[in-house]
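Can you build the whole structure from these sequences, using the hints too?
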Amino acid sequence: MKIATFNINNINRRLPNLLAWLRTAKPDVVALQELKASDGEFPAAAIEKADYGAVWRGQKTWNGVAILARKATPILTRDRLPGRPGDHEARYIEAAVRGIIVTSIYLPNGNPQPGPKFDYKLDWFARLKRHANTFIKQDLPVVLAGDYNVAPTEIDIYPTRSWDKDALVQPKSRAAFASLVSQGWCDAIREQHPERRIYTFWDYKRNRWPRDAGLRLDHLLLSPALASRLAKAGVDRDVRGEDGASDHAPAWVVLK
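Here the sequence shown is numbered in this note's numbering, starting from 8 and rising by one per residue.
Hints listed in this document are in silico derivations from the structure and should not be mistaken for laboratory results. Worth double-checking, as some hints may not be accurate.
No farther apart than 20 Å at their CA atoms in a straight line, the calculated lysine to aspartate or glutamate pairs in the DMTMM-like style are these [claimed, not checked]:
1. K33 - E249
2. K9 - D245
3. K212 - E249
4. K43 - E96
5. K263 - D146
6. K144 - D194
7. K43 - D94
8. K56 - D46
9. K43 - D254
10. K33 - D58
11. K67 - E48
12. K212 - D146
13. K9 - D243
14. K33 - E55
15. K263 - D194
16. K33 - D243
17. K239 - D210
18. K56 - D94
19. K179 - D126
20. K179 - E249
21. K124 - E96
22. K136 - D126
23. K172 - D126
24. K9 - E198
25. K78 - D58
26. K9 - E55
27. K124 - D94
Please read all numbers here as calculations on a predicted model, not as lab measurements.
Structure below.
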């Protein structure tokens, strides 16, 4: 079973890229982020024609998350992160697919920091950790997939000092990610490639894609009930080099 996460950065603008990747990679489940489309603007017909069922939560202009399932219909279990009723940003969705719960997470960026946006990021992380712990306690098969907007360690960002003040690499951001993982989650890509520099995001600015000046921001965390099934993990980095591409590439795991 192949499960992927992909920050598509505007699903309608990048729809040809997405459909081409689906045809080639054939993932069984896909978590999408940054749809940048309202619910009614989601290209459901094109996704269905590609043989994928979908659940989504859109938001006009910003955010938006979805889960696709190949030759199946995801069963929606939650369309927002609990803990803050007044938070209406479309950043979290979860669904059951073939006996596994898969999330699509679009964690807040947090810039500029310090400030209210960074505080929101840390609060969102704390809420995610509380919710994730319920999965651990129930020993459920779960994949926490998504764009976490955190490069967890120095090996997850190209050698540079230019990002030092960015929320993506702050000690508190990294500590929040580490605290989540410490509940018992398996960081699948790092588990499979413990010392390799692997990136999932290359900013459009400053020639960062041609220079391979990337960051690993997109993660797939496996619950203890799934960790033993991890067979492969990687990134389809060539997708980032296509015409009209998102600034992210799909990251994926294969479960045996």
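Hinted pair, alpha-carbon criterion (20 Å max): K172, D126. Please report holds or violated. holds, 15 Å
Can you confirm whether the C-alpha distance between K179 and D126 stays at or below 20 Å? holds, 10 Å
Hint check: K124 vs E96, CA-CA at most 20 Å. Holds or violated? With Cα atoms ~13 Å apart, K124 and E96 stay inside 20 Å; holds.
Within a Cα-Cα threshold of 20 Å, do K43 and E96 meet the stated pairing? The hint holds at about 12 Å.
Pairwise hint evaluation, D254 against K43, where the allowed Cα distance is 20 Å at most: Holds, at roughly 14 Å.
Does D146 lie within 20 Å of K212 when you go C-alpha to C-alpha? violated, 42 Å
For the pair supplied as a hint, K9 and E198, confirm whether the alpha-carbon distance does not exceed 20 Å. holds, 16 Å
Check whether the Cα positions of K78 and D58 lie no farther apart than 20 Å. holds, 6 Å
Sort out whether E55 lies within 20 Å of K33, counting only the CA atoms. Holds, because 14 Å separates the two Cα atoms, which is no more than 20 Å.
Does D146 lie within 20 Å of K263 when you go C-alpha to C-alpha? holds, 18 Å
Quick one, are K33 and D243 close enough, alpha carbons at most 20 Å? Holds, because 12 Å separates the two Cα atoms, which is no more than 20 Å.
Given hint D126 paired with K136 - CA-CA distance at most 20 Å: holds, 15 Å
Violated hints for the displayed structure, listed by number in ascending order: 12, 17, 18 and 20.
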